[in-house]
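Student: Taken in order, these protein sequences are the chains called Y and Z.
Quick note: the first sequence uses my numbering, first residue 1, plus one each step.
Quick note: the second sequence uses my numbering, first residue 280, plus one each step.
Hints listed in this document are in silico derivations from the structure and should not be mistaken for laboratory results.
A few of these clues could be false.
[As the list claims (entries may be wrong)] Straight-line C-alpha distance at most 30 angstroms; calculated DSS-like pairs for lysine-lysine:
#, chain 1, residue 1, chain 2, residue 2
1, Z, 505, Y, 193
2, Z, 468, Y, 273
3, Z, 283, Z, 445
4, Z, 445, Y, 41
5, Y, 186, Z, 505
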Amino acid sequence: MIEEAIHPKDIYLRSDRFPHIWCPGCGLGIVLKSYVDAISKLDIPLDHHVLVSGIGCTARLPGYANVDSYHTTHGRAIPFATGLKIVNPELQVTVISGDGDLFNIGGNHIIHAARRNMDILVVCVNNFNYGMTGGQHGATTPEGARTSTTPYGNIEHSFNLPYIMASLGASYVARWTSLHVRQLTKSIMKAMKMKGFSFIEVISPCPPNFGKYNKFNDGLSQMEFFYENSVLDNNADLSEAYIDFSGKRPLIVGEFVQRIRPSYIELERDLIKRAMEEP
Amino acid sequence: MNKKLIKPGNYFMNGNFACAEAALIAGMNFYAGYPITPSSEIMERLSYRLPQVGGHFIEMEDEIASMAAIVGASNAGAKAMTATSGPGFSLMQENIGLAVITETPVVIVDEMRGGPSTGLPTRVGQGDVMQAMWGTHGDHEAIAYAPSSVQEMFDLTIKAFNTAEKYRNPVIVLTDQVIGHMSERLLVKNYEEYEVIEREIRKFPDPIGKVHDFSIDYVPMVIAGKGFHYNIDSLTHDEMGYPSNDPKIEEMMVRHLVEKIRKNEDNIVEYKEYLTDDAEVLIIAYGITARSSIEAIRKLREKGIRAGMLRPITLWPIPKRKIERLSEKIHIIFVPEINFGQYSHAIREHTKVPVKEIHFPPGAVPDPKIIIRNIEGDAT
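Construct the entire structure; sequences and hints are all you get.
Tutor: And the structure:
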């Protein structure tokens, strides 16, 4: 009798939740794989891992991982995660959500979490548009790009995520594409070991929406673009690290910031100690 | 009990400080907030007092973040609270819904000021009464206490935490600028005289086998980091916490969320009566307006008008059975409010006698003379 084969990574997944909801060619499966690989290799107990997300395609990722997971409201994953982490610092709190969720509707929260050096890891999967609602433009949509709400081309300047995060004092800042599977896994592992605020941007294809409007006919063609244009530069001038799909400028990836500065939890615990010792 | 809690005894204290001290007695150990008049003294006091008792205080970037943070903190096991006023209360509404659907106990203090929009930041209003009930979208039941003195601000804050824990629901302390800023006598009793309900936290391994149980009113809460690996979702979800598009699941979930409050309404509802035994004219008033009404009733009785008052302590759920019973013997109901008619609409649903609104524009404590004039004109 043949026993049913169990994949060694199955314990990290809610396998009863598959198949997932993501489209063919989407990069989110790769991000989930990297997260699962990272937590399986780290010495942090599985019970201490918490995933928090807002709303959108990426925000459905925590629902597939076999950890405590919170699918919260649109844009508010970071303040929710902040509450969890302050009350129980033993938790490894990771926010995985999309560019629209984290930087458009939730933009206020991510800049303050980075400024506070709040001890959470934020993985932002950037597909340059709102995938779940049909490919509308957002603050990460490159200038000139077409989306379902920029039919004449996007006239707005776009956010350069690592540049913003580095300027606010984040302890760890990296960017990869969904092609950089091993680098992303190692990056998640490293970020989870950092104190303070860590940020990883993952550039991902969105074939039926952003891809369709911008001459990437399928996931593979956008992955080919990543392959041909990605340049690893850990010391990049981040002010130049913005993204367009003209093919005329490099898509800069790497680990841009790794620094030690007092984290929120360290400072808050010290404050409580001082207040409690007061006569 | 922590020796850094407020000592039992008599105090002369304002409502905001009383609220902060009461929250500490209730075991509140996480506060997230954003400054807003007239509630800011609550957070100022707690920024100083919470660390002394080993609790956590954080000033967030806005009220949306404050509300999300307390829902997160409660899911890590904390008794969590925020305080705000109208504009901030509006911003909190979406995540109050998150607390409802995830059955997360939290306490929100809303000190009503004049509105709409920025309105009258430093002056009293009672315009958030319907918002406290229906501010967040979708079907739900609300629980809101309306203190009308500093003493009640203290006592009802403790009760709000207990009710939140008991029903795993957000609870609102719906007060107003005057109660928040007014100083008056406060009696703090010995700690053992206060009922403090501690949360029942589910132990791992899970005896229930699913994160929610829609068939019973209360199931011990799962908190983060204990080994459960459950999904907690803002989407309509089944008992495993998994998102569902199925209208049958929506019905089961929402029916549970609504019924756990409706079924226990008699245990939650609180009110006080004032001279209702022989009353022919009934005033229904809450918060600071109830105090103006007492003065009005005194003067009306001197003039031979038998007036009495029902003061709902829980605005939500509304004391409907009491209103129905009182309606059998009174001729008319007057509802003075510092708004242009809100709670009066809810009262009409539970009575056949005429309900007359007495509108006070936001900005000042209602003048008893105006209440008297309205009642004299209509009741005689």
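Student: With reference to the structure, classify each hint as holding or not holding.
Tutor: Status of each hint after checking the structure:
The hinted pair formed by residue 505 of chain Z and residue 193 of chain Y meets the criterion: a straight-line CA distance of about 21 angstroms does not exceed 30 angstroms. Restraint check: the Cα-Cα separation between residue 468 of chain Z and residue 273 of chain Y comes to about 29 angstroms, which is no more than 30 angstroms; the hinted pair holds. For the suggested pair residue 283 of chain Z and residue 445 of chain Z, the alpha carbons sit about 26 angstroms apart, so the restraint of at most 30 angstroms is met. Simply put, residue 445 of chain Z and residue 41 of chain Y have alpha-carbon atoms about 41 angstroms apart, too far for the 30 angstroms limit, and the pair is violated.
For the suggested pair residue 186 of chain Y and residue 505 of chain Z, the alpha carbons sit about 27 angstroms apart, so the restraint of at most 30 angstroms is met.
Violated hint for the displayed structure: number 4, the only one.
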